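J.: Here is how the chains run, residue by residue.
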Amino acid sequence: MAAESMRLDQGGRIDRARTIAFTFNGRNYTGCAGDTLASALLAHGERLTARSFKYHRPRGITGAGQEEPSSFVELLGDHQSGSQPITTVRLRDGLQARSVNCWPSARFDLLALNQLFARMLPAAFYYKTFMWPNWQVYEPHIRRAAGLSFAPDADRVVGTYETRHWHCDVLVVGAGPAGLMAALSAARTGARVLLADDGTEPGGSLLGRKEQIDGRAAIEWVNAAVAELDAMANVTRLSQACAWAYREANLVVVTERAPSTPGIFQRSWRVRALQVVIATGALERPLVFHDNDRPGVMLASAVQTYIHRYAVRPGRRAVLFTNNSSAYEVAADMRSVGIEVAAIVDARAAIPADAAALVPGVEILAAHVVAATDGRRSLTGVHVRARVGGALRPVDGAALQVALALDEQPGRAEQHVRDAVRHRRVEDDRGPVHRVHDAVAQLVARRGLHPEVPHRDPERGERRAAGDQQRGDRGRALGHAADAEQHDAEAGGFEEDRGQHLVGEQRAGDVADLLGDLVRVPRPRGEIKQRLDLANRAVYAPAAAHLAEVLQEPLLDVRHDISSTFRNY
Amino acid sequence: MLLITCPHCGERNESEFIHGGPARMRRPQDPSALSDEAWVDYLTVPSNPLGAVDEKWWHARGCGAWTVLRRDTMTHQFLPRSDDGR
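Protein sequences, first through last, are from chains A and B.
Residues 1 to 569 (this note's numbering) are what the first sequence spells out, left to right.
Residues 1 to 86 (this note's numbering) are what the second sequence spells out, left to right.
Worth double-checking, as some hints may not be accurate.
[As the list claims (entries may be wrong)] On the chain B side, residues computed to face chain A include the following (Cβ under 7 Å):
{"id": "1", "residue": "M1"}
{"id": "2", "residue": "L2"}
{"id": "3", "residue": "L3"}
{"id": "4", "residue": "H76"}
In case anyone wonders, no lab produced these hints; they're calculated from the structure.
Given the structure is predicted, the values throughout are model-derived calculations rather than measurements.
All C-beta atoms in this analysis are idealised placements derived from N, C-alpha and C, irrespective of residue type, glycine included.
Same shape as in the complex, but just chain B (with noise of 0.2 Å):
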């Protein structure tokens, strides 16, 4: 169970969160101009790379905060981030 920190309650653990998917994931500006291909691909193939991703979490069992975390997915790691995530 990862030890995520949470930038109201400091450490807690995973169970009190909820994972929210990569951090800025664009949505398309005109979807219906899209390829059904390229639509299917945004709604249900997020990248999983190997290494450090940012990648939002909520805090749904504690105080409801959003934060987006980077975080190795190799070694589970936290790492520091420098940008505001958006």
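Extracted from the complex, chain A is given alone in its bound form (with noise of 0.2 Å):
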């Protein structure tokens, strides 16, 4: 059993007392009570816990909850089930665990062969070679490749699942700061809450930031909220509970993962509601940059969160790539705890004094864009490059290991209604509904910090200036409540204001594309892709125009690669 080498001597929400045992890839390895799969890892050290689909390269974790893209499990023993997030899997006694979709193991997987080969196997490459004598005979072989969990063996745990119908005033998707304290305003006011929450414990944002809220620490403000919602007969509370359809007449349906009924494995919740908060926070969105799938590239909010909620150090050197001042607290958190910050690569020109003040005597690269990264099983080092022109550099010392991107992205359910709204037209019927500032913008906008990446459409700037002028004075007066706002749906439909800090849906999408796009540069050994290029470009030279229309400056060579895409197969 390996010792946890990673762990921090205090802090967390672990209880370092109740030491639970699990097995993972067949090895044995011990974690706190409170941790997930992802945390217990991490804090032994581990790095490479999953393959790719195609060409198992090599994956680490990634995020900290439902965000995470790379690193899934299959679940053996009773609770068999295959294809879970690793970050998602509470630590429970007994849990056995294993990579899926490599062999023998994670570590060492036969199929990475594949990866010598990625320049032979193009898309479609299997149906259009294994033609001869006839394809059934190597069907079973490439089907036996090509899954990702195995169907389980074990005879099933006896349990049903479970549909329940409910109507209740007010529905709060979401128990941050944000979810809490609307669900708080409601219930007060004597209308029935229903309050479904994802995480495994309210607090959402709160449980991987250190915070303070009416002056003592943002857990205790959590804690005394939830208390008094749960005194309340008014008010229904769901964890581990995904809002994941938003209907009708404002029918949101909710699963909730753990029902605390014996015998029942999940619950669905067919939700009418007259009102409905949607409070889902913000999920970081990647940067991309060549080979940012290597084992040891971690989000921000990510590392926040294992610092902070797991007491945890993903690693021990870092190089942070951002695009806004936020990643500069996650800098100060990391070196709190003794994570060595190598540099900050940041792809604005100009960077705000107060965000560099957080990090004294950090490297600062501004203008500069992570390229590209080494390693094989782990990250080793990444390559920088100036954001316009400049030729690729190592960052110094090269032993990094987090290299990260920060650009929020709606929750799910908020995705969710404005899919609905963008391809069916539906803004009409869905009664009331009330638009709540991310947790994050909320404590953001609580230390007056401004936008970053200021919009140059002028229409929507000037109708945007006018707004946050407005939202802003009130959010500040009054706190989280003043938050929830109602929605006009006439005006812009759900392109709503999220605060100062958290773009809208709109201006999300353009400065992420825009950022996006700007670190995609040519990879440093590229010929091969840019022929790949050839047959997309069509697809991204709308973009393109656009991002250099919005950014008003020439732009990169956007002949990156969209094979970067393919490899991640």
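Since each chain sits alone in its own frame, please combine them into the complex, following the hints.
T.: So this is what it looks like as structure tokens:
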């Protein structure tokens, strides 16, 4: 049993006194109560936890929650199930887990050989190549290689899945600061409230940050709010419950993954609500660069969560790659737990002084981007270049741990609403919808930071400036509750104001595309890629034109490798 | 899932109803006088406009009443109806 070398001595939402033994890929480990499988493995310094689907490239833990894109595990034993994000599996005694899509193990995977022949394995290679004498000869072998997890061989544990219809005055999705405050405000008026939260414990983003509310630690505020809610007869609170569909006439479908009723595996709630408050917060959107799937590359929000919630150092030495100021706070957090920050690579040309002041002595590379990474089974170095026209160069020392990118994208339910609006144009029949600022936005708002990337569309800019002024003032004056804004369906559908810091639909998309594309610079060894690009150039041309317009400056060569998407298979 | 107002029971889930097709579909007086194409059209090709439609709903898993409602096929909103639907 390896020691927990990366565990911090104090802090976190874990119980160090309660040790939990589990196995991962056949090896024995221990973790603490409150850990997820991901945090427990990170505490042991494990990096390589998965393999990519087609080429079996090494993959590690990238996120800290539902956003995890690459590490999936199959659970064995009593609770067999396939393809769970490693970051959402709660540790329990006797847990047995196995990485999907690798054999015999993630560390030594025979099919990783595919990487050697990657250039000879284009899309549809299998179908077109294995024709002679007939496909059936090869099919069993290829099918075996293609699946993710194996079909379970043990008997199922007995239990049922049930559906429950529910009616309420206010449905609040998300139990972060915004959701808790919204639920409290509604419940205190006597309204019948259902609060559904996806996390294992309430608090949302507050669990992963070092914040204060009302002059005390944020978690104390959360506990008080939850205690008040739980004491009210008109409030129903669900945890590990994901709101995943928002349908006509305020019907929201919520799946509760772990109901307390014995014998019920999952419960599907069909909630018909008079009003819906969406307080789902934001997921970080990764910046894109070559080989950004290397184990060791991690989202900034995940790093913060591992440090504060799970008391784990996800690495020892890091380079941060960002396009906004929130990474500087992350860098300060990392240094406070002994992670050396080798450099901050910032795509912006001008770094606000208050951001830089958070990390005295750290090298800041302004107007630079990460262009490539080194390492085989784990990240060992990063190459950066100037955003415009610079040569590639390694970061000093180059033993980096965490490269990361920050940008926000909406949570799942919110996205669903937007999709529904965009594709089915149903904005009018949903009844009142309130929009709540993301928790992060509020916290940032209270510090009085300003938007990093102003939108340059003049028309939208004006509208936004006016709205920001008004809403920002109100938000600051009234705190959380004021952030629950009446949504105005006429004024631009669901392109809501997400505060001064989280950008709205259009703006989030623009900024992300813009910066995402900016940093997707031509890869260093790229002849093959450019050939691949030809077929896809049409896809990118409009985006490029749009970017240039928004940026009002000449664009980089955006013949970036669309094939990096392919390689991610 | 739509929220449908039954004249007897009030607002109920769509799953309690069965859709009865467009209202005011007049059966031809003398089907045998129609051409085959026109008859097939009447039987199998209902109009499917984008916008307001009048349609019959049967509260089959409720009170059993038939009702005619006006619905916008673009927004799924139910609209007020002035006529009696016949």
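J.: Compare the structure with the hints numbered earlier in the document and write down the numbers of the violated ones, lowest to highest.
T.: Checked against the structure, no hint fails, so every one of them is satisfied.
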